[in-house]
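Asker: Listed here are the chains, written in short residue letters.
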Amino acid sequence: MRFTDFTAFDLVLLAQGLSVNVALFLGTSLVGLVIGISWAILRFYRVPVLSEAITFVSELLKNSPVLVQLFLVFFGLPGLLHIRVTPVTAAAITLSANTAAFVYVIAVSAIESIGRDQLEAARVFGLSRWQVLRHVVAPQAAAFAVGPLIALLVNQLQVTSLISVIGVVDLTKIGNILNMRTLKPFIVWTAVGLLYYAAAKLVAWFGSRFEKRLRAHSAWRGL
Amino acid sequence: MRLDLSILLPHLGFLAQGALLTAQACVLALAGSVIMGAFVAIARTSSSARLQRIAFTYVDIFRNVPFIVQLFFFYYGLPEIGIYIDAFTTGVIALSIAGGAYASDVIRAGILAIDQGIIEAAEVSGLSRRVMFTRIVLPIALRTSVRPLGSVLINMILTSSILSTITLNELTGSAQIVVSQTYRPFEVYVVLLVVYAALTYLVSLAIALLHRRLNRDMMEAVA
Numbered sequence: 001m002r003f004t005d006f007t008a009f010d011l012v013l014l015a016q017g018l019s020v021n022v023a024l025f026l027g028t029s030l031v032g033l034v035i036g037i038s039w040a041i042l043r044f045y046r047v048p049v050l051s052e053a054i055t056f057v058s059e060l061l062k063n064s065p066v067l068v069q070l071f072l073v074f075f076g077l078p079g080l081l082h083i084r085v086t087p088v089t090a091a092a093i094t095l096s097a098n099t100a101a102f103v104y105v106i107a108v109s110a111i112e113s114i115g116r117d118q119l120e121a122a123r124v125f126g127l128s129r130w131q132v133l134r135h136v137v138a139p140q141a142a143a144f145a146v147g148p149l150i151a152l153l154v155n156q157l158q159v160t161s162l163i164s165v166i167g168v169v170d171l172t173k174i175g176n177i178l179n180m181r182t183l184k185p186f187i188v189w190t191a192v193g194l195l196y197y198a199a200a201k202l203v204a205w206f207g208s209r210f211e212k213r214l215r216a217h218s219a220w221r222g223l
Numbered sequence: 001m002r003l004d005l006s007i008l009l010p011h012l013g014f015l016a017q018g019a020l021l022t023a024q025a026c027v028l029a030l031a032g033s034v035i036m037g038a039f040v041a042i043a044r045t046s047s048s049a050r051l052q053r054i055a056f057t058y059v060d061i062f063r064n065v066p067f068i069v070q071l072f073f074f075y076y077g078l079p080e081i082g083i084y085i086d087a088f089t090t091g092v093i094a095l096s097i098a099g100g101a102y103a104s105d106v107i108r109a110g111i112l113a114i115d116q117g118i119i120e121a122a123e124v125s126g127l128s129r130r131v132m133f134t135r136i137v138l139p140i141a142l143r144t145s146v147r148p149l150g151s152v153l154i155n156m157i158l159t160s161s162i163l164s165t166i167t168l169n170e171l172t173g174s175a176q177i178v179v180s181q182t183y184r185p186f187e188v189y190v191v192l193l194v195v196y197a198a199l200t201y202l203v204s205l206a207i208a209l210l211h212r213r214l215n216r217d218m219m220e221a222v223a
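Chain order of the listed sequences is W and E.
First residue of the first sequence: 1, per our numbering; consecutive thereafter.
First residue of the second sequence: 1, per our numbering; consecutive thereafter.
Derived by calculation from the structure, the hints in this document are not laboratory data.
Just so you know, these numbers come straight off a predicted model, no measurement behind them.
Careful, some of the hints might be misleading.
Computed list of chain W residues with no C-beta within reach of chain E, every gap over 10 Å [claimed, not checked]:
1. 30
2. 53
3. 59
4. 65
5. 80
6. 119
7. 133
8. 135
9. 136
10. 184
11. 193
12. 221
Ranges between beta-carbon positions, derived for each pair [said to hold, decoys possible]:
13. E:177 / W:82: 20 to 28 Å
14. E:53 / W:213: 26 to 34 Å
15. E:51 / W:50: 46 to 54 Å
16. W:27 / E:116: 42 to 50 Å
17. W:201 / E:215: 30 to 38 Å
18. W:151 / E:119: 26 to 34 Å
19. W:151 / E:54: 20 to 28 Å
20. E:35 / W:151: 23 to 31 Å
21. E:123 / W:181: 57 to 65 Å
22. E:151 / W:38: 23 to 31 Å
23. E:53 / W:113: 48 to 56 Å
24. W:128 / E:118: 52 to 60 Å
25. E:6 / W:125: 55 to 63 Å
26. E:49 / W:125: 50 to 58 Å
Which bits of chain W does chain E cover? Going by a derived footprint, with three or more residues having C-beta under 8 Å, they are [unchecked claim]:
27. 68–77
28. 165–175
Every residue, glycine too, gets a C-beta built ideally from N, C-alpha and C.
For reference, chain W alone in the conformation it holds in the complex:
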């Protein structure tokens, strides 16, 4: 017996799949942001060797497909270290590292966008390096970086669809299952696409609201 019709439960399945994507997206974005920014701070302090190593790793992560990175973590790590890696763990590790690499580049260019004269002036006033970072660099760098960061996050949300390939039951996997059962690819993939689209728009909307708030100090207020 085959159920080839759509049922109301399929909507629940789709919602579950989307929640897996959104949860992984939020978690890995947060971890990626923290790691990427701490890498940028290490570079700000000009830690020798470590800075170069971080730049190399981030270039490698930026310039290779996420799918290959997923395979490396999911299939490669267990083979090398003889440990168990579940699909969700592999997805979380890969997406966090990938996000961190992109955040690092954005954060570095944001820090470098601040004129040297400001840093020197602050140092002359007797601020420590940390105080310069906290009170002079961070606020301006945040306003500079928020635009690229939002674009990155919208992109990373779409990248989460790749985790279905290593067996995480996310929205794309649900789409695959429904497609195989109902044999109505146009309806299934349009529905899946719409859900991803709505999620991406939501991220962009929250992002632009946040950006407006960060940039409020320099916005034109009228006469």
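Go by the hints and put chain E onto chain W.
Answerer: Just chain E, lined up with the frame of chain W:
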């Protein structure tokens, strides 16, 4: 824990075949997406509000839906409406359409950056709109957008790894086959990661050279 890259030696030829398929798909898809992008950019910069809206909707949809979903939409959907094409053609079409959305943004920016005086001069000379576009606007726009089109190409090389999910044995697909023959996932995927990174690095070098060569008469303006 051991890392032995020599086990890959007998499989290098097979991997090279996969790389060749990746290159073919990317070159074809690049041509497709530049053509697609040029038409969409024309629509987006046209004076007709309706054309503009249609073009914007296309770009918006294909940039905000994950590529893997678009790919499955075409791969499973096209046979449904009686179009039977192989995985390679499907992949190239999907890559071209998705890449076209990104390319159109690049070309549109190139068109908008053209000095209004050049277009007015062409109008005064009595050139038809078609000649004006193909002989004046497009060459200038394409020439200045070589570098951003290059990053579209690099993104396309990375995205093409997803074609392995529709049974196409390009670089990632053939690596999966090598893994199933050698049972050495870590070695294979590490090498794959480095190969992709090296490939995209070489492409970016080539693009920088091409960009400098094409814009050599206005170097002080773009440098």
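Asker: 26 to 34 Å was suggested as the range; check whether the CB atoms of residue 151 of chain W and residue 119 of chain E agree with it.
Answerer: Once the Cβ atoms are compared, 31 Å apart, the range 26 to 34 Å for residue 119 of chain E and residue 151 of chain W holds.
Asker: In this structure, is the beta-carbon distance linking residue 128 of chain W and residue 118 of chain E contained in 52 to 60 Å?
Answerer: At roughly 54 Å between Cβ atoms, residue 118 of chain E and residue 128 of chain W fall inside 52 to 60 Å, so the hint holds.
Asker: Please check whether the beta-carbon of residue 59 of chain W is more than 10 Å away from every beta-carbon in chain E.
Answerer: violated, 7 Å
Asker: Do three or more residues from the segment 165–175 of chain W put their C-beta atoms closer than 8 Å to C-beta atoms of chain E?
Answerer: holds (count 3)
Asker: In this structure, is the beta-carbon distance linking residue 6 of chain E and residue 125 of chain W contained in 55 to 63 Å?
Answerer: At roughly 59 Å between Cβ atoms, residue 125 of chain W and residue 6 of chain E fall inside 55 to 63 Å, so the hint holds.
Asker: If I take the minimum Cβ distance from residue 135 of chain W to any residue of chain E, is it greater than 10 Å?
Answerer: holds, 35 Å
Asker: So does residue 53 of chain E sit 26 to 34 Å from residue 213 of chain W, Cβ to Cβ?
Answerer: Cβ of residue 53 of chain E to Cβ of residue 213 of chain W: about 30 Å, so the range 26 to 34 Å holds.
Asker: Taking 50 to 58 Å as the stated bounds, is the beta-carbon spacing between residue 49 of chain E and residue 125 of chain W within them?
Answerer: Given about 55 Å between the Cβ atoms, the range holds.
Asker: Say whether it holds or is violated: residue 193 of chain W keeps its Cβ farther than 10 Å from all Cβ of chain E.
Answerer: violated, 4 Å
Asker: Does the Cβ distance between residue 123 of chain E and residue 181 of chain W fall inside 57 to 65 Å?
Answerer: About 59 Å separates the Cβ atoms of residue 123 of chain E and residue 181 of chain W, which means 57 to 65 Å holds.
Asker: Take a quick look at residue 30 of chain W and tell me if its Cβ sits farther than 10 Å from every Cβ on chain E, holds or violated.
Answerer: holds, 21 Å
Asker: Over 10 Å from every CB of chain E: does residue 80 of chain W meet that, or does the non-interface label fail?
Answerer: violated, 4 Å
Checked against the numbered hints listed earlier, the structure breaks hints 3, 4, 5, 10, 11, 23; every other hint is satisfied.
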